[in-house]
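Q: Each protein sequence line maps, in turn, to chains P and F. For the first sequence, our numbering gives the first residue as 179, with consecutive numbering after it. For the second sequence, our numbering gives the first residue as 179, with consecutive numbering after it.
Keep in mind that the hints were calculated from the coordinates and are not lab data. Treat the hints with care, as some may be off.
[As the list claims (entries may be wrong)] Calculated Cβ distances over 12 Å to all of chain P for the following chain F residues:
| hint | residue |
| --- | --- |
| 1 | Gly236 |
| 2 | Met249 |
| 3 | Arg250 |
| 4 | Asn256 |
| 5 | Thr260 |
| 6 | Glu261 |
| 7 | Gln265 |
| 8 | Ser269 |
| 9 | Thr271 |
| 10 | Pro272 |
| 11 | Glu276 |
| 12 | Arg280 |
| 13 | Glu284 |
| 14 | Asp287 |
| 15 | Ile289 |
| 16 | Arg291 |
[To be verified] Here are some chain F residues pointing at chain P (derived, C-beta under 7 Å):
| hint | residue |
| --- | --- |
| 17 | Leu193 |
| 18 | Thr194 |
| 19 | Pro197 |
| 20 | Gly229 |
| 21 | His324 |
Where a beta carbon is used, it is the ideal one built from N, C-alpha and C, also for glycine.
2 protein chains.
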Amino acid sequence: MEQDVITSEAATKGLTIPPDALLDHWQGHRRLTRKMIEAYPEDKLFTYSVGGMRPFAGLVMEMIRLAALGMRGLSTRNWEVTEDLKQYTESATPSRKEDILRLWDEVTDQIDRSWPEDFQEIHLAFGQYESPVFGIILYWIDNEIHHRGQAYVYLRSLGIEPPPFWER
Amino acid sequence: MEQDVITSEAATKGLTIPPDALLDHWQGHRRLTRKMIEAYPEDKLFTYSVGGMRPFAGLVMEMIRLAALGMRGLSTRNWEVTEDLKQYTESATPSRKEDILRLWDEVTDQIDRSWPEDFQEIHLAFGQYESPVFGIILYWIDNEIHHRGQAYVYLRSLGIEPPPFWER
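With the hints as constraints, model all of the structure from the sequences given.
A: Listed below in structure tokens is the structure:
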């Protein structure tokens, strides 16, 4: 009993974010990014940008690729672009918003299904970036926030009010 | 001895991010944001934006306020804008880049000095947002990435190449 107490205190002390909370955190961001895709006029999603940057569809496909190949990589250590995952890469960018949203939702389920248990395990992500699991996942979340923030500027410059940042 | 092993395993199992790694993660983002401030032409920092949004100096002062008042709040539970912290609020936005950088560096030190130990403790941040410490800090980091991403668009639309996102 005393040991249980010590164990639980030690676990709480050394912990920043519970695994489920980190999953909720990312999925909350993904719900907001999904709202951003929905808020886009269909044509502008694929064509519009500012400062010579990629249109939002290109940025979204990058998020989809990182998450789809990434979650498979974390659970199998296979980081290759296999035939079954090609649909989640930029070279397979669909031409309709509804198809982007379908890919988005498939990846959302995949993240829920294969959420890691050990966040300290070291991976060579995409064969290039050596990091513990937590660092790899934080990078994907940060990358999504970074590019979605850029799409906020695109939308505002089109005269469209983006969904509030704090609503997930 | 066996108890130590169990304790350490339990701590590792329940942990996503070690406290020091979360601090490094934020400070890495802060170094990148500092590089963005440095990359800005002095006048554009205070005047230029796209889509009717705030200039980057306004966004940076929001980051400075959240971090300065926030770290004091997490360590003292006092979330008021006291006289000594007014310099870190938007109403005190300096008119020179070097003064923004000085405030930035002061807050960087403050974050190092008062990094929390208990990330599960509940706070009513700024008297409004009830959350465990980890959720509050994640929000500040996310908010910084979001607004800095917007400044990437501003800079690119000025024809200036921003520092690479992955270099911290």
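Q: A cut-off of 12 Å on Cβ-Cβ distance, and Glu261(F) was said to be off the interface with chain P. Does that hold?
A: Since the minimum Cβ distance to chain P is about 29 Å, Glu261(F) lies beyond 12 Å and the statement holds.
Q: Evaluate the condition: distance from the CB of Ile289(F) to the nearest CB of chain P exceeds 12 Å.
A: For Ile289(F), whose nearest Cβ neighbour in chain P is about 15 Å away, the distance exceeds 12 Å, so it holds.
Q: Using 7 Å as the Cβ threshold, decide whether Gly229(F) counts as touching chain P.
A: Holds. Min distance 3 Å.
Q: Examine each Cβ of chain P, and state whether all of them lie more than 12 Å from the Cβ of Arg291(F).
A: Holds, because the least Cβ-Cβ distance between Arg291(F) and chain P comes to about 18 Å, which exceeds 12 Å.
Q: So Met249(F) supposedly isn't at the interface. Is its beta-carbon more than 12 Å from every beta-carbon in chain P?
A: Non-interface label stands for Met249(F): nearest chain P Cβ at 16 Å, farther than 12 Å.
Q: If I take the minimum Cβ distance from Thr260(F) to any residue of chain P, is it greater than 12 Å?
A: holds, 25 Å
Q: Holds or violated: is the Cβ of Pro272(F) farther than 12 Å from all Cβ atoms of chain P?
A: Correct as stated: the minimum Cβ-Cβ distance to chain P is 24 Å, above 12 Å.
Q: Can we confirm that no CB of chain P comes within 12 Å of the CB of Ser269(F)?
A: Holds: least Cβ distance 22 Å, greater than 12 Å.
Q: Taking the shortest Cβ-to-Cβ distance between Gln265(F) and chain P, state whether it exceeds 12 Å.
A: holds, 26 Å
Q: Holds or violated: is the Cβ of Thr194(F) closer than 7 Å to a Cβ in chain P?
A: Given a least distance of 4 Å, the restraint on Thr194(F) holds.
Q: Does the no-contact call for Gly236(F) survive, Cβ to all of chain P over 12 Å?
A: The assertion about Gly236(F) holds, with a minimum of 14 Å to chain P.
Q: Decide, holds or violated, for the assertion that all CB atoms of chain P are farther than 12 Å from the CB of Arg280(F).
A: holds, 26 Å
Taken one by one, the earlier hints all hold for this structure without exception.
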